[in-house]
Structures are given as structure tokens and as C-alpha cells.
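> These protein sequence lines are chains A and B, in that order. Residue numbers are given in my numbering: position 77 of the first sequence equals residue 77, and the series is strictly consecutive. Residue numbers are given in my numbering: position 8 of the second sequence equals residue 8, and the series is strictly consecutive.
Treat each hint with caution, since some may be false.
A few chain A positions that, by computed beta-carbon distances, are all more than 12 Å from chain B [claimed, not checked]:
no.	residue
1	GLN2
2	TYR3
3	ARG39
4	SER51
5	THR55
6	GLY65
7	ASP88
8	GLU91
Subject to a maximum C-alpha distance of 16 Å in a straight line, what follows is the list of computed EDC-like cross-link-like pairs (lysine to aspartate or glutamate) [claimed, not checked]:
no.	chain 1	residue 1	chain 2	residue 2
9	B	LYS188	B	GLU108
10	A	LYS97	B	GLU177
11	B	LYS163	A	GLU101
12	B	LYS173	B	ASP107
13	B	LYS163	A	GLU105
14	A	LYS97	A	GLU85
15	B	LYS173	B	GLU108
16	B	LYS173	A	ASP88
17	B	LYS173	A	GLU105
18	B	LYS173	B	GLU124
19	B	LYS122	B	ASP184
20	B	LYS163	B	ASP184
21	B	LYS188	B	GLU300
22	A	LYS97	B	ASP377
23	A	LYS12	A	GLU76
24	A	LYS12	A	GLU101
25	B	LYS303	B	ASP270
26	A	LYS97	B	GLU181
27	B	LYS188	B	GLU229
28	B	LYS303	B	GLU318
29	B	LYS173	B	ASP184
What follows is a set of in silico ranges between Cβ atoms, one per label pair, in the way DEER data are often shown [to be verified]:
no.	chain 1	residue 1	chain 2	residue 2	range
30	B	THR152	A	MET33	30 to 40 Å
31	A	LEU35	B	GLY340	16 to 26 Å
32	A	ALA111	B	ASP36	15 to 25 Å
33	A	GLU73	B	THR310	49 to 59 Å
34	B	ARG80	A	VAL13	25 to 35 Å
35	B	ASP184	A	ARG39	19 to 29 Å
36	B	PRO180	A	LYS12	17 to 27 Å
37	B	LEU147	A	ARG28	44 to 54 Å
38	B	LEU314	A	GLY26	51 to 61 Å
39	B	ASP36	A	GLU19	47 to 57 Å
40	A	LEU35	B	ASP178	48 to 58 Å
These are computed hints drawn from the structure, not numbers from a lab. Yeah, the Cβ is synthetic: ideal placement off N, Cα and C, and Gly gets one too.
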Amino acid sequence: MQYALLIYGDEKVWESRDERERQENGERHARYMELLRSRGAMLGGEELSRSTTATTVRNQGDSLGVTDGPYAETAEQLGGFYLIEAADLDEAIELAKQLPEPIVEVRPVVAHPQM
Amino acid sequence: MSDPGEGSARQAVEQAYRNEWSRLLALLVTRLRRFDLAEDSLQDAFTAAARVWPAEGVPARPAAWLFTSAYRRALDRVRREEADARRLPLLLTEPSEVVEDDDEIPDERLRLLFACCHPALKPEARAALMLRFVAGLTTAEIARLFLVSEPTMAARLTRAKAKMAVAGIPLRKPSAEDLPERVDVVLKVIYLVFTEGYRATAGPELVRPRLAAEAIRLGYLAGELLPGEPRIAALLALMVLQHARRDARTGAAGELVLLTDQDRTRWHADEIARGLALLDVLEAVPMPGEYHLQALIAAEHAKPPPADWTRIALLYAELERRTGSPVVRLNRAVAIAESGSAEAALALLEGLDAPLAGNHLLFAVRAELLSRLGCVDEAVAAFDRALSLARTEPERAHLRRRLDSVNKR
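Take the sequences, apply the hints, and build the full model.
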């Protein structure tokens with residue numbers, strides 16, 4: 001099965017990192033990606049720019065369709081994701097526990113039949 | 001009038017339902033990898049048995065007959081549904097061994113037990129799933145036990161089953177590494193079912209013994225499926241000892257009867273003996289766990305009076321050290337008061353006002369201690385506070401009686 005590991009966190013904490021901490025964080029993620037590759041679990045993943053740079057488009061009703069900011073204004077914001085392959089939820093949780101970030105949401109990906 | 005053969009065939013169907021339903025369902029779920037299909041075809045198989053057995057006689061191997069019948073019906077349904085795109089994905093499971101001798105019904109309930117108690121499910125959903133798929137209760141029965149409507153319970157079960165399939169919760173015994181943590185969840189679910197039956201938080205009924213009895217049944221089953229797990233035996237001892245007092249917990253008018261005032265002749269002596277025997281077997285465990293400590297406390301209360309309150313206070317102190325629970329501290333204070341020191345007990349209550357702000361028991365205990373120490377005005381104020389917080393009628397009646405007796409002095 002495929003799962004998305006959605007990374008949530010406090011952007012202020014991310015932004016307050018100095019150069020050295022940023023580098024260490026990058027190294028932690030490099031090691032994590034290495035772990036995923038060694039398990040044959042790495043399908044993809046990206047870091048996202050801060051939520052202040054987000055634009056939300058609403059394609060419904062006749063209200064203004066384009067607004068500044070993320071869809072949900074919450075204390076923790078989506079900061080990035082990995083797409084992984086895992087046998088079942090237990091394996092996905094095991095991999096999520098090793099992800100070096102404080103909050104990880106594990107979401108199964110819908111398997112559509114091959115086009 | 002039915003002839004005796006017909007009557008005994010009907011009995012055989014009922015007996016098979018009681019003894020084999022959950023085992024057959026577990027086997028069907030792991031083979032078919034779908035809950036709905038397993039439930040429906042097993043239901044059909046029992047309906048067929050009720051029709052066929054009285055006419056043609058009870059088969060030599062009733063469980064195998066039911067499994068074969070249910071499995072065949074399930075495959076028919078699968079063929080008919082082939083094109084249904086709305087179907088949930090199949091549950092994930094390891095391949096089962098193919099059983100050639102159909103007399104041999106393998107027990108797959110352990111896989112179902114762990115799937116139903118997966119940490120990724122909500123606690124109340126876990127409890128409902130356990131009662132449905134491990135204990136074999138109907139949705140209507142579970143709804144009644146949890147005091148919700150049948151559609152509400154059915155929706156809760158459907159959501160939980162969908163989550164299991166879509167999220168990929170596996171039907172599998174957890175890895176050795178995960179096992180201790182997962183057994184903890186199983187124990188929590190069983191104890192949740194038990195406490196829900198033992199102490200309703202609101203309403204006229206203080207005990208729902210049927211639910212508590214189901215929890216004990218689940219405990220025995222878990223012990224059977226996971227032999228050599230001392231924590232399960234400890235939980236069982238705790239539940240059996242508490243449940244043995246059920247008939248004495250409420251008086252004729254449904255009012256709460258405190259432990260010290262209970263009519264001990266209404267305790268089930270055979271069950272207390274069974275609970276104590278379970279604890280005896282655990283004697284060898286060096287570090288008692290939380291359920292074990294609670295069971296040891298329940299055992300002290302089950303012994304003939306006078307209770308050894310000093311030992312009970314020590315057990316609560318150890319339990320408090322483990323859990324840091326304010327409720328445990330409250331109980332420890334009661335034990336210390338009973339062993340002779342109301343002042344020391346009152347001092348222990350300090351700092352509990354914030355964590356137990358809405359808990360009537362804190363104020364009831366404080367009121368009793370103040371009244372013992374002769375502080376009548378403060379005691380009355382504390383009883384009033386307890387009365388404003390108590391949610392069940394029997395408990396409120398008890399508090400009013402206590403308040404009256406303090407006022408009269």
C-alpha cells in the first residue's frame with residue numbers, strides 16, 4: 001500500500017533555526033531518505049515553502065475565488081511530505097515514528113486501477 | 001408440538017451459535033478479508049442450519065458444516081458483486097494455512113483481537129469492535145449495553161470497519177517488539193468495557209452487570225489466546241474480584257452501598273475464591289503491574305474484616321508512584337484515614353482541587369474527613385459541593401443522608 005506521511009509543525013520553530021540547525025535538519029532528512037530507500041519504501045517527497053507564501057483557490061460559489069494564505073489557519077502547518085510504500089499500517093507507523101519531525105499524519109493513498 | 005429430534009436440533013444450532021460464532025467469524029474474516037461478507041454469510045449459514053438440521057439431522061461436525069456453508073455462500077456473493085466499484089479494499093492479512101481436514105477449525109481470533117484493539121482506532125470503537133467480533137454480541141445488544149441507539153452503534157462499527165480496510169490495519173499478531181505495547185491496548189479495551197458496566201457515570205442505573213460479565217469473558221478469552229501473559233491474569237483477577245460484589249453494591253431502592261456497609265453474604269464467594277486463586281498464581285511476578293496492584297487492593301477488601309488498611313495504603317502509594325493519578329491519591333487518602341490518621345489524609349487531598357475540580361468524590365471524602373475532625377461547618381460546605389457535582393441519583397441520596405447525620409450532631 002502507499003501512504004503519504006504529512007509533516008506538521010510550528011513554522012516559527014522552523015524559521016528560528018540558525019544555519020547550523022538547518023544543516024543538521026537537512027542531514028537528518030537525508031539519513032531518513034536513505035532508510036526509506038534501503039527498505040524500498042521511498043516513492044517521493046518534498047519540503048513545502050512556509051504557509052505565508054500559500055495561495056488558496058476556491059472553485060465554488062461566487063465569492064472571491066483566490067485568497068492569500070493556507071486553507072486552514074492552525075497553530076501547526078503542513079511543512080512537507082513523503083510518499084512511501086508499506087505493507088500495512090503497522091509498517092507505515094513504524095516508518096513514521098522514525099521520521100525526524102514532531103507531528104506526522106499517516107494517510108493511505110487511494111489505489112486507482114491502472115489507466 | 002415439535003418432536004424431540006427437532007427440539008435437540010434447535011438446541012444444537014443455539015449451542016453452535018454460542019460456542020462457535022466468534023471462532024467461525026474470525027476464520028471467515030481472515031479468509032475472505034472482508035467483515036461485511038463474513039458477517040452476512042455466517043448469518044446465512046446459521047439460518048440454513050436452523051432450517052436444515054431439524055429436517056435432516058445435526059451434522060457430525062457442526063462447526064465444519066457451518067464454515068463450509070458460509071464460505072460457499074460468500075464465494076457466491078463475491079461472484080455476483082464482481083463489478084461493484086464501491087466496495088472497500090480487502091483487509092490485509094498473511095495467508096492462512098490451507099486446512100484439508102475440515103474437522104480442524106483453526107483459531108484466528110487472536111488476529112481479530114489485535115486488529116480490533118489497534119491503536120489507530122478510537123477507544124470507543126475498539127470496545128464496540130471487540131464485543132461484536134471477539135465476544136460475538138449483536139449490534140443491537142452492544143448498543144443497549146453502551147446506552148446508545150442501534151443506528152448510532154451500527155454507524156460506529158461501520159466507520160471502524162472502513163478505517164481498518166482503507167488504512168490497512170493488518171489482521172495479524174503484532175511483532176515481538178510491538179507486542180507488549182499492543183497487549184496493553186487490549187487490556188485497556190477490556191477494562192474500559194468492564195468499568196463502563198461497573199460504574200455508570202450518570203443516570204439511575206449504577207451497574208450494568210451484563211457488560212462487566214462480557215468484559216470478564218473477553219479477559220478469559222484473551223488469556224486463552226495469549227497464554228503466559230501475567231498482565232491478563234492480573235486484570236482478570238481484578239475484574240473477577242470487583243464483579244463478585246455486584247449484588248451488594250446497590251440496595252433494594254437502587255441506592256449505592258459503600259464497600260464497608262455491604263452485606264457480605266451477597267458477595268459471590270466462589271468468584272472471590274477464583275479471583276484470589278488467579279492472584280496466587282501471579283505471586284511469583286517480581287514487579288507487580290498496575291492491574292496487579294489494583295487486584296491486590298481488591299483482594300484485601302475481599303478478605304473478612306477488619307481490612308488491613310495499612311497494607312492497602314501502601315499498595316495505593318505504589319500505584320500512585322506508577323501512575324501519578326489524582327484519583328489513586330484520593331483513594332490512598334481514604335486508606336490512610338481508615339488506618340487511623342484523618343489529618344494525614346486531609347493533607348494528601350491538598351493539590352487535588354485542580355485535577356479533580358469536577359469530581360464529587362474529592363469533596364465527599366474531604367467532607368467525611370472534616371466531619372471526623374469535628375469541623376462541622378467546613379464538612380457541610382464540602383458535602384454541599386459534592387452534592388452539586390454528583391451525577392447519579394443513588395450517589396446523591398447517599399450524600400444527602402451523610403449531610404443530614406452531620407447536621408444533626
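> Please verify whether LYS173/B and GLU124/B have alpha carbons no more than 16 Å apart.
Judged against 16 Å, a Cα distance of about 21 Å means the pair is violated.
> LYS188/B and GLU229/B: Cα distance at most 16 Å?
14 Å, holds
> Is the Cα-Cα distance between LYS173/B and GLU108/B 16 Å or less?
Status holds; Cα separation ~10 Å.
> Could you check the hint for me, namely that THR152/B and MET33/A are 30 to 40 Å apart, CB to CB?
For MET33/A against THR152/B, whose Cβ atoms are near 45 Å apart, the range 30 to 40 Å is violated.
> Confirm or reject the statement that SER51/A sits farther than 12 Å, beta carbon to beta carbon, from all of chain B.
26 Å, holds
> Has the hinted range 15 to 25 Å been met by the Cβ atoms of ALA111/A and ASP36/B?
19 Å, holds
> Next pair to validate is LYS12/A with GLU76/A; report whether the Cα-Cα distance is within 16 Å.
This hinted pair holds, its Cα atoms lying about 10 Å apart.
> Is the nearest CB of chain B more than 12 Å from the CB of TYR3/A?
8 Å, violated
> Is the straight-line distance between the alpha-carbon of LYS173/B and that of ASP88/A 16 Å or less?
13 Å, holds
> Falls inside 47 to 57 Å, the C-beta gap from ASP36/B to GLU19/A?
56 Å, holds
> Against chain B, does ARG39/A hold up as non-interface, every C-beta pair farther apart than 12 Å?
15 Å, holds
> Hey, LYS188/B versus GLU300/B, does the alpha-carbon distance stay inside 16 Å?
23 Å, violated
Against the hints set out earlier in the document, violations occur for numbers 1, 2, 7, 8, 9, 11, 17, 18, 20, 21, 22, 28, 30, 31, 34, 36, 40.
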